[in-house]
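S.K.: Read top to bottom, the protein sequences are chains D and Y. By the working numbering, the letter at position 320 of the first sequence is numbered 320, and the numbering carries on one by one without gaps. By the working numbering, the letter at position 80 of the second sequence is numbered 80, and the numbering carries on one by one without gaps.
Derived by calculation from the structure, the hints in this document are not laboratory data. There could be a bad hint or two in this list.
[To be verified] Distance condition first, Cα-Cα at most 25 Å in a straight line; then the derived DMTMM-like pairs of lysine to aspartate or glutamate:
1) Y:Lys116 to D:Glu534
2) D:Lys67 to D:Glu35
3) D:Lys543 to Y:Glu88
4) D:Lys459 to D:Glu387
5) Y:Lys116 to D:Asp409
6) D:Lys607 to Y:Asp115
7) D:Lys339 to D:Asp155
[Unchecked claim] Among chain Y residues calculated to face chain D with C-beta under 7 Å, some are:
8) Arg30
9) Tyr33
10) Pro35
11) Arg38
12) Ile40
13) Gly79
14) Val81
15) Leu84
16) Phe87
17) Gln127
18) Ala130
We put the beta carbon where it would ideally sit given N, CA and C, even for glycine.
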Amino acid sequence: MLETEGALSPTNGGPKIGVYVCHCGLNIAGKVDVEAVVEFASTLPAVAVARDYKFMCSDPGQELIEKDLREGLVNRVVVASCSPLMHEATFRRATAEGGQSPFYFQMASIREHVSWVTADGHEATDKAKALVAAAVRRVALHEYLEPRKAEVRPDVLVVGGGIAGISAALTLAEAGKHVYLVERETTIGGHMAKFDKTFPTLDCSACILTPKMSAVRSHPNITLWTYSDVVAVEGFTGDFTVRVRHRPRYVIEELCTGCLECIEKCIHKQGKFDDEWNEGLSKRKPIYIPFPQATPPVVVVDPDTCIWFKTGKCPQTCIEACERDAFDFAQTETFDEIKVGAIILGTGFKTFDASKMPEYGYGRYPNVYTSLEVERLLNAAGPTGGEVVLRDGTRPKVVGIIHCVGSRDAKHNVWCSKVCCMYSLKLAHIVKERIGAEVYNFYIDMRTPGKGYEEFYDKILKEGVHMVRGRVAGVTDEAASPEEEGHLVIRAEDTLIGSVRRIPVDMVILAVGLEPRPDAQDVRRLFNISCGGEGWFTERHPKLAPVSTFTDGVFLAGACQGPKDIPDTVAQAGAAAAEVLAMVDRGYVMLEANTAHIDEATCSGCKTCVGLCPFGAISFDEERKKASVNEVVCKGCGICVGACPSGAAQQHLFTDEEIFAEIEGVLAYV
Amino acid sequence: MSEQPFEPRIVAFFCNWCTYTAADLAGISRMQYAPNVRVIRLMCSGRVDPQFVLAAFRDGADGVLIGGCHPGDCHYQEGNVNALRRFELLRPMLRDLGVEDERVRLEWISAAEGDKVQRVCNEMTEQVRALGPLRLVTPKRVTPKRVTSPRVTSTWTVPVERADELVGQEAR
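Extracted from the complex, chain D is given alone in its bound form:
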């Protein structure tokens, strides 16, 4: 940061302020009397020009500003329009294009903070005037600052090895960037690897996913870390330092060939413990591999169930079976520290816990399944080898699929999970095709927007799947008639015929909705991004910056941002990769100018600021008894400035004088 009298340095004869009031179509002008604001602005001290325009952010709008600057009519700029979070960068750029420091600019938010939230037009106009007065007073005091650049490290971190993370990582790797892909589970693949087929094309999920999984593993530009998680993130956009923890598998990854002999030879002859990958529908041994195409194809030992870890007494037949001596029971957690320029989060979702809706009997009736469990049943690599059979081994003759379980429900999640209608239709199709069962779908509304989706719905209807429109009241095993004996009965109002129906079925599939991961709050704190109250990560702008976050250099891909199907997830992963490439290939980022600095002459050497700085950016010279700020490390919070008792610490763009001027401004009688 330089306070120079350089070529751009301007203020010969003091500030000449240009005020530009935006109509934003009717978004502002529909409520605020824009002309009155312009007239008011022109009476303010140091205002040389006050203008209004339909859309200040448009090219002609920006040109107005640039022209006034170039012609020397003005040397500082106030734009009264939308939120600075929306267009501050745009107008700073216009100010720079006009030949001034981009920081000789201040924005007044008269859309988000005025026209959109104020009922009365007169009150809105008064408030807009006050905000303009504040911006004018403030910008007159802005100091000359030059934009600061920081180098961007070329490597990228991708967190989460589902289809989002895989797609983003491969795109970046193909572009020649080195990617660290960190996955918490023992294999990449995520939810998609659990599915049998994907809608609406009915491609086999594994057939389209596993080639990508192996491409990730073999790509020279990708470092794949499974069974690992991110434990600390420091730094800022372009230069993050990330600490990754690797949990012990007790098998040396580089040596294991995935022959699976050790699993065969384990002292446990049969699987005894719930297989998490198969949603507990099968049993695994203490040494296992989640599924045959797991990537990396490396076995893992579960210390909670392994006899050696529990008792210390086991012949360790697994070690004997290994020809590569890949076992290492002394493994402990290890850590890696990496430096990356950008981060993509693809941490995904979890499915709704169906036991929260006891009326549907999940966990009480063995023949009530969640959709994810049925995906595993249908999967050829699943617990039944793709056979649709109930827990007692029989084939269901009638299957009921209940939509919107946990979704669109004020008691649980209010949102539509977006994928359930389509995957329920898919499950209906596969079940009918495989075993010829009668299938009933109970839905509230059928939501099938998407390419080929409505056509898919039509196809399923023609196949003879029964559709009942109505939210299911409950599932019971209490028979009310002889034909209901021995069946589960789904009770629902059929709102199309206006009567309550009881439909006996052999198998109930609950189309569970999508939820944020339970640790979404921890993850967002770790990466310093924000999320909504429900836990979906917040994008910078829902339409214009859907994969960016409010933290520069951190991007989102996939369902961690909200419910999404596979095509949308892959598209978003590509967008996130493109954003990262734009940053990394440019090689630098522009940093905010709002760092703190300490005036040595007034610094009393009290050290208040030193301990307060969360980033250790302030050092103290014991000999001279003066504190100083390292502006590269400073992140511009201003905590030290707010605390400095002598006023020696100041923050660029947020100096005490500027804030005092703004206070006066917002309180100005208009």
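Given chain D, put chain Y in place with the hints provided.
M.R.: Just chain Y now, with coordinates in the frame of chain D:
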């Protein structure tokens, strides 16, 4: 008092990451609320110098609202905790000066809580309206000369002295 109905003027200091974003969200969601609250954006609630609060009252504010991220959510780790500490120290002092507790408020409002911005702004406007104008302020506002004059040199003494002076003048 003039016949014009009293409209309180409230200065709000909102942190860039949570509360200012929440106010933007309130706007995007078209949540209508009292126009009495005027927002000043700071990067962090930890930047709120107690002087800002005193200056706002000096310059004619009837209330001051500070908004920051929820504890644990601060973009700068714990700036909001610093804000809370300063707020707790400042409050009794303001009380001694005759500034009622309802006139100063610190709220944690996350970026997702546009509705909370609406509620807090409405609530505070009504509370301050009920209290009436802040009596400490003289009709002629004291406007400090800036730029050429030396910086305010102490956080605590100068505004307090000035406030004492103002209280003296008021002498109800």
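S.K.: Checking hints one by one. Is Pro35 (chain Y) an interface residue toward chain D, by the C-beta closer than 7 Å rule?
M.R.: This hint holds: Pro35 (chain Y) lies near chain D, its Cβ roughly 4 Å from the closest one there, short of 7 Å.
S.K.: Please verify that hint: Phe87 (chain Y), Cβ, nearest Cβ of chain D, below 7 Å or not.
M.R.: Violated, because the Cβ-Cβ distance from Phe87 (chain Y) to chain D comes to roughly 11 Å (cut-off 7 Å).
S.K.: Was the hint right that Ile40 (chain Y) lines chain D, CB cutoff 7 Å?
M.R.: Check passed: Cβ of Ile40 (chain Y) comes within 5 Å of chain D, closer than 7 Å.
S.K.: Can you confirm whether the C-alpha distance between Lys339 (chain D) and Asp155 (chain D) stays at or below 25 Å?
M.R.: 7 Å, holds
S.K.: So if I understand the rule, the pair passes when the alpha-carbon distance is 25 Å or less; does Lys607 (chain D) with Asp115 (chain Y) pass?
M.R.: 40 Å, violated
S.K.: Could you check if Arg30 (chain Y) really has its C-beta closer than 7 Å to a C-beta on chain D?
M.R.: Since the shortest Cβ distance to chain D is 5 Å, the answer is holds.
S.K.: Verify the proposed pairing of Lys459 (chain D) with Glu387 (chain D), using a straight-line Cα cut of 25 Å.
M.R.: 23 Å, holds
S.K.: Let's test the interface hint: is any C-beta of chain D closer than 7 Å to that of Tyr33 (chain Y)?
M.R.: For Tyr33 (chain Y), the interface hint holds, since the closest Cβ of chain D sits about 6 Å away, which is under 7 Å.
S.K.: Let me know if the C-beta of Gly79 (chain Y) comes in closer than 7 Å to any C-beta of chain D, holds or violated.
M.R.: It holds, given that the least Cβ distance between Gly79 (chain Y) and chain D is near 5 Å, below 7 Å.
S.K.: Going straight from one Cα to the other, do Lys543 (chain D) and Glu88 (chain Y) come out at no more than 25 Å?
M.R.: Not OK: Lys543 (chain D) and Glu88 (chain Y) at ~41 Å, beyond 25 Å, violated.
S.K.: Using Cβ atoms only, decide whether Arg38 (chain Y) comes closer than 7 Å to chain D, and label the hint accordingly.
M.R.: 4 Å, holds
S.K.: Holds or violated: Lys116 (chain Y) and Asp409 (chain D), Cα atoms, limit 25 Å.
M.R.: Judged against 25 Å, a Cα distance of about 23 Å means the pair holds.
Of the numbered hints stated above, those contradicted by the structure are hints 3, 6, 14, 15, 16, 17 and 18, listed in ascending order.
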